[in-house]
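Trainee: Single-letter residue listing:
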Amino acid sequence: MSQNLIVKDSAPRSGLDRRHFLRLSGLSGLGLVLGLGWKSDGHELIASGADAVTVKLNPYIIIESSGTISIMNPMPDMGQGTFQSVPAMIAEELEVSLEQIRILQTGGEKEFGRQTAGGSNSIRGQYQKLRTVGAAGKEMLILAASQRWKVPVTDCYASEGNVYHKPSGKSFTYGDLAEAAAQLPVPQNPQLKDPKDFKILGKNYPRPDVPLKVSGKAVYGIDVELPGMVYASVAHCPVFNSKLISYDDSETMRIKGVTKLIRFQRALGAHKYDAIAVIGDTYWAAYQGKLALKTNWDYEGNDSFDTENYEQTLRDMSGNEGQVVHSDGDFEGSFQSAPVQITALYELPMLSHSPMEPQNCTAQWHGKDRVEVWVSSQGADRVKSEIAKNLDIPSDNIKVNILFSGGGFGRRLYNDYAVEAASIAREMETPVKMIWTREEDTQLGPFRPPTFSAMKAGLAADGKPLAFQHKVISPSMGSTLEDKKDTSGESSSMTEGISTQAYELPNMKNEYVFSQIHIPLAAWRSVTSSTVAFAHECFIDEMAEKAGMDPLEYRLQVLLTKPSDTKRLLLKLKEVSHWEKALPEGWGRGVAQYEFFAGLGGYVVEVSSKDKTSIHIEKVYMVIDLGTVVNPDTVALQVEGAATMALTAATKSAITFRNGQTRQTNFHNYPLVRINEMPEVEVHIIAEGGPKIRGVGEPGLPPFAPALANAIFAATGKRIRKLPFNMNKV
Amino acid sequence: MASISLTVNKKKYQIDADPEMPLLWAIRDLIGLKGTKFGCGMAQCGACTVHLDGEAVRSCVTLLGRADGQEIVTIEGISDNTSHPLQKAWIELQVPQCGYCQSGQIMSAAVLLRENPHPTDQDIDEAMMGNLCRCGTYTRIRKAIHRAAEIMNG
Amino acid sequence: MMNFKKWVGIIVSMTVLIAGGSAFILPLKEKHKILYTVKLSGNEHPDKVPDSIISKKSFLEAYRVLMSPRCMNCHPSGDAPLQGDDSHVHTQGVVRGKDGKGMYALKCSNCHQPKNIPGVGMPPGNPKWQLPPASSRMVFQGRSPRELAAQILNTKENGGRNKAQLVAHVVNDTLVAAGWHPEQGLTLPPLTHKEFARQFKQWLDKGAYLPD
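Residue numbers (our numbering), protein chains in the order written: chain P, 441 to 1170; chain C, 131 to 284; chain U, 32 to 243.
It is worth saying that the hints were derived from the structure and are not from the lab. Just so it is clear, the structure is predicted and the values come from calculations on it, not from any experiment. It is possible that part of the hints are untrue.
To be verified - Coverage of chain P stretches by chain C, computed from C-beta distances (three or more under 8 Å per stretch; other residues unrestricted): (1) 521-527; (2) 652-664; (3) 837-848; (4) 1075-1088.
Claimed, not checked - In silico PhoX-like pairs for lysine-lysine, Cα to Cα no more than 25 Å straight-line: (5) P/K657 / C/K273; (6) P/K1059 / C/K273; (7) P/K1158 / P/K904; (8) P/K643 / C/K140; (9) C/K273 / P/K643; (10) P/K734 / P/K700; (11) C/K218 / P/K639; (12) P/K657 / C/K140; (13) P/K986 / P/K1052; (14) P/K1007 / P/K896; (15) P/K1014 / P/K986; (16) C/K141 / P/K657; (17) C/K142 / P/K657; (18) P/K657 / C/K218; (19) P/K904 / P/K1012; (20) P/K1132 / P/K1002.
Beta carbons are placed, not taken as given, at the ideal position from N, Cα and C, and that holds for glycine.
Model the full assembly from the supplied sequences, consistent with the hints where possible.
Mentor: Okay, structure coming up:
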């Protein structure tokens, strides 16, 4: 297996003919191909073959007459395993092993439709469609073989890239058959395999990128090297919305290797931020040049922004009436008359995504209106559209090469850094590789939105809920990133999941209170559920406490009387965590679950505390409900990773501002969990098969922190209502 | 600018560069070996870890001048054909997610196993706390180091 | 009593020019430049007449330096060094090791270079960056003045140093001097190196009394 991500040909793709496609894809020959893909409307499966010149098609499967089989992967791999799991869906039905194929990344061509990995959507969004592509290809190859042998189709079968004639044992390779198969009509409803016959799907299949990643051979965006390439380091203002008044480059130009400065604007969502790129022969020269650059900014009043003040504003707004996002029954009346009333305010901070690979992009222009970029991004289609919009060129003139991403977590859904590189390269004759520093990655956003949650519940004397309210007070992603003036549409994304949990809560009225902010905010792994789930699930625990019940039994017996996936999940957690078994002195266990757009997961966390102040995590149990699973080991990895990220979010640093600047800069003051802090996570998958298929990458995140905080309460009696908190001093 | 001689993965290089340039950028941009990664630039994350005379230095803060005339091994040179016990164990346990930190993780773990062929969990912490992983592969790294020790010790 | 040399040149590895609060670092070749001298005296000298009040007072002055983050951070109560003005545990969880130079992939010199690297939060440098070895851990953190003074004098704990050697360590050791050339953005000890050395020596000269 090799990574064929870098395309040698430098001409951007426009229109498509087969010869051109072959050349661009770095395929070995000009032999005939069977290319199979979806028509641009996504409803009709079509083949290229002889028609390739006239049919606008980017095929998912390319079988060359030489025998080389390539599968296009539309979902960038940022560590979530799509380099294996997405091609696997085609390969399974096509009857080829992953070892005998080449995996190529798509480049944002319209015909592939959505090419963005985000929202835990890569598998659940493609499962039927890509299997159908593979199955149709297999049927065409089998039919081509049966026609050549003049034998019944039913006597032929496909295996490992060959078609066999069962009675005689004769065989053809797929390469032998590609030309003939390409001439056949494309079956629109090919027979999909019975899951019990799967060889790849549902198995712990080794990921083909792993050997590359342990030997330094995997190529990430930052590793791209082009002939004649120069480097760029960019000076940005750490105070958002500042205007560059002037700069002094006399020291910069004295640095050996610095050749030029380019003034441009960083485009993030609807925002344009002034910036200056320093170009150098080496990255080190460009970076030194940037350090030596003296800039004079007009902060335009944005240097007074301060996190402590902003948090006070959110606190002050918690009593405001918000936009009602859910209302059922009479909340006010039921709450007022309830014998037991509980209220609590939960405060969740801003965070940075901080993927290990700092943002970077390499770009090269061809003439005035064509550009090619090499980039680590979560979506080739989004790279294209952002460059097209900001540099005002047709999107067909943009060629995108997607490399492995050194992490994404939502950050690489926003391709401001790709637009930056393209903007810089427009002023250059040569290709330019632009690399941000870790400081820029930490300080420049977009950040996870802070959300405050004002919780209210009225309980009957026996603990039964009579009224419930979750009110989210926060700025919104859309309003800051896209600079929307009308914020009425923001309430649903900022109250994600709070009204759709399976809990039977009567007289529930949920609200959203919008707060203005000028800091760019955006989706961070598991989006708003990463914050509001903490408030929701910790508060359910507070209700259980008031009811005098075990928090898991309160959920199961009082809040979930009817069957539901959530109830099934919690019962599974109860079983695998041995919930009823007594814990040693000083230990505590906590439970939490959350269901949201990406899926459903839950944790039981066990902690110990010798002094009721410092906390040690002893064991973590997780159950994720998927329905259908493509690679169980990848699921386990994603959950282990989500738990680690959630632990960092809960117990390390927030992103905070003083004088308009992000105070955190690098991993010394924006620390991540290290190896000694990460406990074992035992992952259980509920996968009964069938059409239901849920997301993997995100559901492991939201319920971790509330399960931890609930465990800490069980061990110490201390409620945590503000993140992050210090594990050594709760 | 100065003439610096480096031996990287047993190959000799003579490069003309600023001796204050971190070794990281010389390895990546001048010598062209991209397996060593830039993560933080201040020795916080360990993604840039290489062996300098056998020690797991953070190449982002190691000035080129210090490496002059010294022996350097990068992830590309740790074995032929991905055959180092750590690489085998990493593959067996499917450790990497995004993979960006893993070169550094393996280079650090290699020093641990050289000096302590039977590491305990605490030894692993003491060796590996300097290597960050944002994806959260820590529990697998721990298991893979134990597994590599097994492979190594036969 | 030892015969002291009459004068000891104080050798520091780097000169420090305070400009805008940040240390300016000279190349290593500039080392061995004698910046200032401290007069040392023989037994007979009136400076050496024991005086418990002056001795204790001097130690308390020196103690302010010893307990400052620049000194205490490398004399922690645990086996991990401390960092920063808030003396937090070293973020990479580095541990002492037998020789004080770290363990495995986290040896001090894997990150700490022979000299400081400019920039806030960058690893400070010294050619022999290390903690006291495991055999003489020389803990400052958490020690009262009396406990610390006693520990410094105890040759079983101080690495076998006699008084002259203690003074020489305080005056000459480039790692001690490094406390006055911290990385960018960190505070300096409350006394100058010269004044600290003077008080430390005076404490010993005046009888090495333990503070109450």
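Trainee: Going through the numbered hints above, which ones does this structure break? Give me the numbers in ascending order.
Mentor: Result: hints 1, 8 break, sorted rising.
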